[in-house]
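Peer 1: The chain contents come next:
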Amino acid sequence: MTLTVNDLRVHYRTLRGEVRALDGVGFDLADGEILGLAGESGCGKTTLGKSLIRLDGRMRHVGGTVTLDGDELPLSDDRAMNAYRFHKISLVPQYSMSALNPTRRIGRMIRELLASRGVTVDTDELHRRLALVGLERDVLDRYPIELSGGMKQRAVMVISTLLDPSVLIADEVTSALDVSNQQAVVGALTGLRDKGLVTSMIFVTHDLGLTSHIADSIMVMYAGKLAEKAPTRTLTTEPRHPYTKMLIGSLPQVGARYKDKPLSGIEGSPPSLLNPPLGCRFRDRCPLADARCAEEPPVVEIAPRHSVACWKAA
Amino acid sequence: MLTLDRVTKTFRAGAFGGGSTTAVDRVSFEAAPGELVSLIGESGSGKSTIGRMVLGLTRASSGSLTLDGEQVRPGKDFYRRVQGVFQDPFSCYNPVFKADRVFALVRRAYHPGVPDKEWADRVEKAVRDVRLDPGQVLGRYPHQLSGGQLQRLLIARALLLDLRFLVADEITSMLDASTRIDVLNLLAGLKERGLGVLYITHDLSLGTYLAERTVVLRNGRVVERGDTQKVFGNPLHPYTRTLLAAVPRLNEPWTSAEPVEVCAFHEGGAPDTDLYETEPDHFVACAGLPDCGRTSA
Ligand SMILES: Nc1ncnc2c1ncn2[C@@H]1O[C@H](COP(=O)(O)OP(=O)(O)OP(=O)(O)O)[C@@H](O)[C@H]1O
Ligand SMILES: Nc1ncnc2c1ncn2[C@@H]1O[C@H](COP(=O)(O)OP(=O)(O)OP(=O)(O)O)[C@@H](O)[C@H]1O
Ligand code: SF4
Ligand SMILES: [Mg+2]
Ligand SMILES: [Mg+2]
Ligand SMILES: [Zn+2]
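Protein sequences, first through last, are from chains A and B. To convert, note that position 281 of the first sequence is 281 in this note's numbering; the numbers rise steadily by one, no gaps. Start counting at 1 in the second sequence, then tack on 314, and there's your number in this note's numbering.
Worth flagging that the hints you see were computed from the coordinates, not collected in a lab. Quantities reported herein were computed from a predicted structural model and do not represent experimental measurements. Treat the hints with care, since some could be wrong.
[Claimed, not checked] Below are the DSS-like pairs computed for lysine-lysine, each with C-alpha atoms no more than 25 Å apart in a straight line:
| hint | chain 1 | residue 1 | chain 2 | residue 2 |
| --- | --- | --- | --- | --- |
| 1 | B | 439 | B | 412 |
| 2 | B | 390 | B | 412 |
| 3 | A | 261 | A | 245 |
| 4 | A | 245 | A | 312 |
| 5 | A | 259 | B | 544 |
| 6 | A | 259 | B | 505 |
| 7 | B | 505 | B | 544 |
| 8 | B | 431 | B | 412 |
| 9 | B | 412 | A | 50 |
| 10 | A | 261 | B | 505 |
| 11 | B | 544 | B | 439 |
| 12 | B | 544 | A | 261 |
For reference, chain A alone in the conformation it holds in the complex (with noise of 0.2 Å):
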């Protein structure tokens, strides 16, 4: 299995012009690989994820493409993109603990699901999975209000995999869980990808120091594209992008203490994407930015599965 994201550009059509969320990402995810995602909030993570699932009517696929064991996908058809959903590619949306029918019990959610999808249910498979993320057979009989955050959480996890995907997108999986329950379901998750039934994983996070006990390799982006990715060690010690490198500076010490040295983020905000500026979007928040940073920077293979798309870095 491979899935190349190539130049990928997908928009959101506003009242007011276009939101360039998702404005020329690409790479690669190979057979087993779980890749990181991580970035500034409102960087187009989620739009990334939706994208290569179902776009829904305000989003444009502009340009680029996606393809999965050399298949084109067909990403603005969204009836031919059904032979792909859940079976192929599957997502865990981000707060889909909030996307439940309220109405249902989560056992019955299940079974309607999967029979929408032709597929009957298989019980004792269905308890092997809940016991995987560390859940009671009994959430079966519950409503989702009589679930806390993180059990709905990982209701959702479970449920996005039964129909064991090549491609698993799992967008902020972790960030409604508590340590303990963080470790259990990224163990769960490696399992699933270890045993096959999850070939391949794109595990989005804003967690950079959770996401480098699972992932192979990190994806950091930057406004809507691309700013560095390479195998996990190497980004999280020799980081070569600004940004990159001010993101895990401000990771905090455990202990840290506002009174006695406050933290400082990054200062300044990401450009706006609906009328996004020429040249590189860290631009106004670079310490290291020169007139050269007014053009564009490519995204440049430095070392072997190591790109950054910045002037300075190679």
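Starting from the known structure of chain A, arrange chain B with the ligands on it as the hints suggest.
Peer 2: For chain B with the ligands alone, coordinates are given in the frame of chain A:
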């Protein structure tokens, strides 16, 4: 001052008909003005249920919750002083209205006298304070904003009220490291002006950053609480130790904690209360170890 005294919440759970779940079991703690108390514990341990009781959104089955000496009683006057920002921002927006309607509602309910221009300025300032660009987020529908953007709009909304107390349920959990620090520094500023905060989180890496006090919850019960420096610096309950050891750190192995040999509660002479004060402002519950005189229920 927020005071919880032996607060309990029991749900009649749907599972198998008649069962019931005690989501919160005799929890007591206080949060003074200008103080941030963080509430940590695993998924399902009752954190959000406590937050909802503090906000008067659900009633305690027993025990008392008071704010400045008065029982928590939901109503307009109460919500002028106390507000919550929730774990799941989508549920706080009505999808058919623009997201910034949450600001208009605040104005209508609490600041009807403020002139248009001044109100617009206040909204803009609050939006900038949470590191958002007003031009990018105002006038949009909820589905047009990212998760972190929606969550920050709710924080901005809380900033527009003259709050005395804020319940913040996992408000930074969907934010990247840099934005998270900005939001926390903002809370620090509000705290200095006297705001009390109940900060529900599972993110322990920032646990010591702002919190004066920490309450560790498990299965609805407090296992350890007190001065944050003491709880984090010298965790006594095996559960607290496991939690702290399990924080994922960049470029370090992800470990589980080593088991604890003695139960600080029973070593201290097994008092009759639920929690034993091992040092000033540091309380711990029975660890339920095999040699314990009794096990914590
Ligand atoms: N339906 C929409 N219409 C217009 N703009 C949108 C829409 N959905 C998202 N956006 C914008 O596109 C950008 C990318 O959003 P996206 O949800 O992909 O971000 P994200 O990286 O997942 O952020 P977060 O970490 O906060 O979840 C944001 O600036 C957002 O405001
Ligand atoms: N309305 C309800 N009816 C029945 N049970 C409920 C209800 N609300 C919560 N519970 C149960 O109470 C317990 C505590 O839930 P709560 O939402 O307070 O947990 P939490 O600590 O906030 O967890 P998380 O970190 O996952 O958000 C859970 O076992 C949950 O199933
Ligand atoms: S291209 Fe220029 S502005 Fe952009 S990250 Fe590199 S040095 Fe900074
Ligand atoms: Mg997102
Ligand atoms: Mg909760
Ligand atoms: Zn004991």
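Peer 1: Check each numbered hint from earlier against the structure, then list the numbers of those it violates in ascending order.
Peer 2: 11
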